[in-house]
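Q: One letter stands for each residue in the lines below.
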Amino acid sequence: MSLTADDVNKIAHLARLGIDKQDIDSYAKDLSGMLDLMTRMGGLDTAGVEPMAHPLDQVQRLRKDVVTEADQRGHFQAIAPQVEDGLYLVPKVIE
Amino acid sequence: MHTKTINQLAQGLRSGEFSSVELTQHFLQRIRQHESLNAFITVTEGLALQAAQAADQRIASGDASLLAGIPIAQKDIFCTLGVKTSCGSKMLDNFIAPYNATVVEKFNHAGAVMLGKLNMDEFAMGSSNETSFYGPARNPWDTQTVPGGSSGGSAAAVAAGLAVAATGTDTGGSIRQPAAFCGITGLKPTYGRVSRYGMIAYASSLDQGGPMTRTAEDAAILLQTMAGFDAKDSTSADLPVPDYPAALNQPLAGLKIGLPKEFFGEGLDSGVAAVLETAISEYRKLGAEVADISMPNLNMAIPAYYVIACAESSANLSRYDGVRFGYRCESPVDLTDLYTRSRGEGFGKEVKRRILMGTYALSAGYYDAYYLKAQKVRRLISQDFQQALAQVDVIMSPVTPTTAFGIGAKMDDPIAMYLADIYTIAINLAGVPAMSVPAGFSGGMPVGLQIIGNHFTEDRLLNIAHQYQQVTDWHQQTPTL
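Taken in sequence, the protein lines are chains A and B. Just so you know, the first sequence maps onto residues 1 to 95 in our numbering. Just so you know, the second sequence maps onto residues 1 to 481 in our numbering.
Looking at chain A on its own, in the form it has when it is part of the complex (with noise of 0.2 Å):
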């Protein structure tokens, strides 16, 4: 299976992902070796078979719904890009 520049554009941009022009196509060429590695698992029957999403046979533990944090605001937005009046700031999205 191969994927084309095209793909590569739209799957980077459902991921916000900035790719130079210039290497599209590489990525094309890596990401389809990629998946002919993985459609070799369309040769395993797994009918039938549970998906296992996590190694240990867990249940979700459960806690009690009380305050466990301190306010840490500031310590937080001190490795901030940009802050003001305890807000993150990001460009215009409401004109």
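Each hint should be verified, as a subset may be incorrect.
[To be verified] Label-pair ranges, simulated between beta-carbon atoms:
no., chain 1, residue 1, chain 2, residue 2, range
1, A, V83, B, Q476, 50 to 60 Å
2, B, P98, A, L89, 11 to 21 Å
3, B, K285, A, H75, 35 to 45 Å
4, B, L335, A, H75, 34 to 44 Å
5, A, L89, B, D412, 57 to 67 Å
6, A, A70, B, M1, 18 to 28 Å
7, A, V59, B, A369, 23 to 33 Å
8, A, R61, B, Q11, 38 to 48 Å
9, B, P240, A, Q82, 18 to 28 Å
10, A, K64, B, T480, 55 to 65 Å
11, B, I280, A, H75, 50 to 60 Å
12, A, L89, B, S15, 55 to 65 Å
13, B, I415, A, K64, 40 to 50 Å
14, A, Q60, B, L481, 46 to 56 Å
Hint data in this document are derived by calculation from the structure and do not stem from the laboratory. Backbone N, C-alpha and C fix where the C-beta goes; we use that ideal spot for every residue, glycine too.
Once you've looked at the hints, dock chain B against the given chain A.
A: Showing chain B alone in chain A's frame:
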């Protein structure tokens, strides 16, 4: 001093032969001297000396754990409060972690001295340390070869005597393969044994942290500190932790070892195969019985792994959006441009490949064919392990098909790089523990023996490795630097 075990060093600290400050200075000096190995991303000299002073006081007061004052280093995937935690990526080159990983917290509590943060493949995606934003760490046995990956800096540092021990993480072989390439001991514990809190996520159903050391005894000491239930990790195993050092001395008489024929076939280098044959005959001498077994679905492990790991990583890495922390592009024109360019400029090529692959595998119309199929294959592979481990106590196999390859040799062919992880990947899918133990040399380069056990049998694996290290000295060999 840099070739001593933790027990020997702990004794030296207590007898007054040397202080932790002296020991720490010794290692800091070695790190400077062997900077060209590029094993460290960040050296925390000031913090290390402070911790060493505190450890010396604790030891003097008689209230100190075995690890107090012992200089170790952390893979740069573990968050360290106030210290850059880059995960080998430009994306996190400016990231000062606002909290400690549980593993780091536990080592701090034990009084261990952190020398710094170790080089690694970007976001742990790689098998050679070459995808690191900071350039590849080098294999101390031959600096023209890779140390393996993703925990390449950890393996290089321990092998070169730049730290007594190190942490690593293993999603598809990232502790065991570099341990094998650099001739050290590495243990990937059972999934859930060591807390993932503060360990930067790659593929959450596969990631597991573990020790990388010279000896199995040191690995047992480190794991004792690292292991245990953590309420902050939703998949942490709520089970008691055995006394690992106490289990080391069990005799091996009657041990049943299985050799899967699928792991000793085509593709295995003859020099590596010869080393493993000798190692297995050593186990026979120690009283073990060896049986041939078959695990028919192992050949599907690589395809299933790359679907699952890429899918999980595409979800995990969506958090890097240039908004709250990490890299942000210059002058974004709108929000989409901010996301797209920050991610495009902040991630390297291998990370992008895996995000794209995972996004594709999870996208509408392809989910059943790839992700769901891979999860079913994962079940079959896991069943292979359970069936095999019902017949034998442990499985032994190669860790890698060859010894360390040259820097640059596989960078242009990602598929060839993936295929080299053939012997390690299935273990992560099944979630079982496995070790790499130094077993000899081929062409002057170290070879590792893989020992695989059932869930939560780390005590037995460490015991089996330790007994072998009592009758061999491969783990004591050191590279000429």
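Q: If a hint holds in the structure, say so; if it doesn't, say that too.
A: Do the hints match the structure? See the list:
For V83 of chain A paired with Q476 of chain B, a C-beta distance near 53 Å keeps the hint of 50 to 60 Å intact. At about 19 Å, the CB distance of P98 of chain B to L89 of chain A agrees with the hint of 11 to 21 Å. Roughly 58 Å separates the CB atoms of K285 of chain B and H75 of chain A, a value that falls outside the hinted 35 to 45 Å. Take L335 of chain B and H75 of chain A: their Cβ atoms lie about 25 Å apart, and the range 34 to 44 Å is violated.
Distance hint check for L89 of chain A and D412 of chain B: the Cβ-Cβ separation is about 41 Å, which falls outside the suggested range of 57 to 67 Å. Against the hinted window of 18 to 28 Å, the Cβ-Cβ separation of A70 of chain A and M1 of chain B comes to about 42 Å, which falls outside the hint. The hinted window of 23 to 33 Å between V59 of chain A and A369 of chain B holds, with their beta carbons roughly 30 Å apart. Evaluation of the 38 to 48 Å hint for R61 of chain A and Q11 of chain B yields a pass: the beta carbon distance comes to about 41 Å.
A hinted range of 18 to 28 Å for the beta carbons of P240 of chain B and Q82 of chain A is inconsistent with their spacing of about 47 Å. Range check, K64 of chain A to T480 of chain B: Cβ separation about 58 Å, and the 55 to 65 Å hint holds. A beta carbon spacing of about 53 Å between I280 of chain B and H75 of chain A agrees with the range 50 to 60 Å that was offered as a hint. Between L89 of chain A and S15 of chain B, the C-beta spacing of about 58 Å keeps the proposed range 55 to 65 Å intact.
Distance hint for I415 of chain B and K64 of chain A: a CB-CB separation of about 49 Å, consistent with the stated range 40 to 50 Å. Taking the beta carbon of each, Q60 of chain A and L481 of chain B are about 49 Å apart, inside 46 to 56 Å as hinted.
Hint compliance for this structure: hints 3, 4, 5, 6 and 9 are not met, and every other hint is.
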